[in-house]
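This is what each chain is made of:
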Amino acid sequence: MPPKDKPPLLLEVTTKGMFAGRTTRKTLSSLHSQLWPSCASIPHYMSALISLRGIRKSFGTSEVLHGIDLDVHSGSHTVIFGPSGSGKSTVLRSMNLLEEPTEGSVVFEGIEYGPGIPGDSTPRGKKIELRRQVGMVFQQFNLFPHLSAIDNIALSVHAVTGKSKDEALERAAQELKNVGLLKWAMNYPAQLSGGQQQRVAIARALSLDPKLMLFDEPTSALDPELVGEVLAVMRKLAETGMTMVVVTHEMGFAKEIGDQCIFMDNGYIADSGGADFFDTCTNKRTKEFIGSVL
Amino acid sequence: MWHLVWDFRAELLRGLLTAFEVAITALILSLFVGLFFALMKMSRFAILRGIASTYVNIFRGIPALVSVVWVYFGWSLLFGYNFTVYQAGVIALTLLYSSFFAEIFRSALEAVHKGQREAGQALGMSRLRIFRSIVMPQALKIAIPNIGSMYIGMIKDTSTFTVIGLAELVFVMQSINAEYFQPFVLFTAAAGLYVAAAFLVDFVFRVIEGGFSYPKVGRVKRFLTRRKRAQIQRLVEAN
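Protein sequence lines, in the order shown, are assigned to chains A and B.
Numbering that gives the first Met the number 0 puts the first residue of the first sequence at 0, with every later residue one more than the last.
Numbering that gives the first Met the number 0 puts the first residue of the second sequence at 0, with every later residue one more than the last.
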């Protein structure tokens with residue numbers, strides 16, 4: 000059964016000392032370091048790299064996500080799958096705030112982003128700062144068609160990190176070499192196959208040294224023969240220890256790299272589990288879905 | 000009678016050149032004003048959208064003749080400041096055509112795939128950077144052919160500026176006609192010159208479009224990018 004909605008927990012805090020008397024409401028997580036000072040310095044790798052707290056998203060009057068809570072730990076690979084319309088892409092896109100949640104927050108390395116729960120007044124981080132540390136790969140590749148492959152990457156590096164154009168070109172050449180496409184550096188996206196375009200897109204996202212990589216159905220728009228080369232790049236990336244969240248229909252690949260598997264249905268996280276999820280899940284709906292795909 | 004055209008070739012070409020000058024100044028101004036109104040029309044605020052819509056709807060409906068007469072005579076009547084004939088022509092054309100360009104730019108900007116903007120946002124680019132380096136180049140590629148045909152329309156609309164005394168092609172032709180009474184010959188010559196101008200503009204815009212094509216097949220763009228391409232070639236060979 001999908002989990003019932005829990006009311007948000009907010010604590011009323013009144014300031015003391017010099018500016019006494021001001022009352023605000025804060026979430027437990029934002030007060031953590033003040034309530035338990037000895038635990039405040041626990042390094043980030045012990046807590047989640049990114050967590051979604053109470054994410055709700057509505058498009059107009061229809062609610063698409065009903066209170067999603069998700070933790071992704073550094074170095075882990077999370078796989079999200081489920082039937083279409085279950086909201087899995089929306090969950091992924093709210094991780095880098097491409098979809099502004101109606102309610103709820105995204106906590107990345109301790110800083111909260113997003114609208115939060117109404118009544119909560121913790122300071123929020125800027126969207127652009129979050130996006131510069133999180134890379135995303137799209138189903139439709141979204142390469143810039145008016146730039147060559149190497150320019151796609153060099154423009155991102157130059158525009159976001161402020162490196163000089165020459166340094167950016169060198170970095171771009173390096174990234175292309177990593178995905179095996181250096182020979183095609185001067186080709187335009189229209190002159191590349193789908194698999195090559197997606198690999199350039201992955202190189203472009205990686206060129207900014209993100210701490211987290213999001214993949215939104217990266218192979219769904221590809222011919223079956225081209226899927227393999229993109230999965231190979233993703234497998235190589237997983238082996239280097241990059242934190243990845245992948246929404247995919249490739250169940251074989253999910254089984255291979257998934258440390259945390261999430262099954263979504265109708266805007267809820269219907270089931271979740273660890274690396275052995277595909278073999279040991281008990282939920283009837285999950286087994287139905289996996290059975291029909293694998 | 001055709002010798003008339005040859006005898007007065009200098010004056011006729013001078014008239015065509017004046018028409019070109021007025022049109023090109025108006026073109027450059029209209030591009031900026033048109034882009035400004037296009038962005039206003041796409042803004043989040045309803046007031047800005049309303050202002051831009053009103054402007055566009057008013058000036059798309061006014062003919063060039065009415066516009067130029069109003070600017071030249073009306074402005075000095077209302078505000079006392081006299082524009083020169085040249086200035087009035089440029090202003091009238093700009094007012095008219097910026098509304099067309101606003102619509103052209105708006106549809107071109109909206110035609111750029113939404114995923115392009117999302118890719119820029121996901122990479123962490125600022126809004127201005129996304130507009131400047133990703134959205135605008137693609138929108139320009141869509142808009143350029145339309146701008147070219149609008150420019151030809153602008154050159155033809157300068158013909159109505161005879162009424163305020165601008166010494167462009169039709170004015171020159173009418174003054175020759177007043178002396179020699181050969182309207183057929185002179186009108187044919189004028190028409191021929193306008194058609195030649197249209198062919199020339201078409202050719203120039205085709206070269207410009209080549210500069211926006213991807214991959215860069217235009218000779219102009221290949222020339223401009225040779226240093227960069229050599230640099231990339233060296234990088235590829237080094238690795």
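No lab work stands behind these hints, which were simulated from the structure alone.
Just so it is clear, the structure is predicted and the values come from calculations on it, not from any experiment.
The reader is advised that the hints may include incorrect statements.
[Said to hold, decoys possible] As a list, the in silico DMTMM-like pairs of lysine to aspartate or glutamate whose alpha-carbon atoms are at most 20 Å apart:
(1) K210/A / E111/A
(2) K164/A / E102/B
(3) K113/B / E102/B
(4) K162/A / D150/A
(5) K227/B / E111/A
(6) K140/B / E236/B
(7) K125/A / E117/B
(8) K182/A / E236/B
(9) K227/B / E169/A
(10) K113/B / E98/A
(11) K140/B / D150/A
(12) K113/B / E99/A
[As the list claims (entries may be wrong)] Derived list of chain B stretches under chain A, where covered just means 3 residues or more per stretch with a C-beta under 8 Å from a C-beta of chain A:
(13) 8 to 20
(14) 120 to 132
(15) 226 to 236
For each residue, glycine too, the CB sits at the ideal point set by N, CA and C.
_If you count the residues of the stretch 226 to 236 of chain B with a beta-carbon closer than 8 Å to a beta-carbon of chain A, do you get 3 or more?_
This one holds; 6 residues, not fewer than the three required, reach chain A with a Cβ under 8 Å.
*asked:* Tell me whether the statement that chain A covers the stretch 120 to 132 of chain B is true, taking a Cβ distance below 8 Å and needing three residues at minimum.
replied: holds (count 8)
_Does D150/A sit within 20 Å of K162/A, going by the straight-line distance between their CA atoms?_
Given pair K162/A, D150/A holds - Cα atoms ~14 Å apart, limit 20 Å.
*Are the Cα atoms of K113/B and E98/A separated by 20 Å or less?*
Between K113/B and E98/A the Cα gap is close to 13 Å, so the pair holds against 20 Å.
*Starting from K210/A, check that the Cα of E111/A is at most 20 Å away, please.*
Measuring from Cα to Cα gives roughly 16 Å; hence the hint holds.
*Quickly compare the C-alpha distance for K140/B and E236/B to 20 Å and report which way the hint goes.*
Cα-Cα ~32 Å, so violated.
*asked:* So if I understand the rule, the pair passes when the alpha-carbon distance is 20 Å or less; does K140/B with D150/A pass?
replied: 18 Å, holds
*For the pair supplied as a hint, K182/A and E236/B, is the alpha-carbon distance within the 20 Å limit?*
Holds: K182/A and E236/B sit about 9 Å apart, inside 20 Å.
*Given the hint that K113/B pairs with E99/A, does the C-alpha gap stay at or below 20 Å?*
Holds, because 16 Å separates the two Cα atoms, which is no more than 20 Å.
*Compare the distance between the alpha carbons of K113/B and E102/B with 20 Å, and conclude whether the hinted pair is satisfied.*
This hinted pair holds, its Cα atoms lying about 19 Å apart.
*Is it true that the CA of K164/A sits at most 20 Å from the CA of E102/B?*
Between K164/A and E102/B the Cα gap is close to 35 Å, so the pair fails against 20 Å, i.e. violated.
*asked:* At least three residues with a C-beta closer than 8 Å to a C-beta of chain A: is that true for the stretch 8 to 20 of chain B?
replied: Coverage by chain A is violated for the stretch 8 to 20 of chain B (0 residues, Cβ < 8 Å).
The structure shown violates the earlier hints numbered 2, 5, 6, 13.
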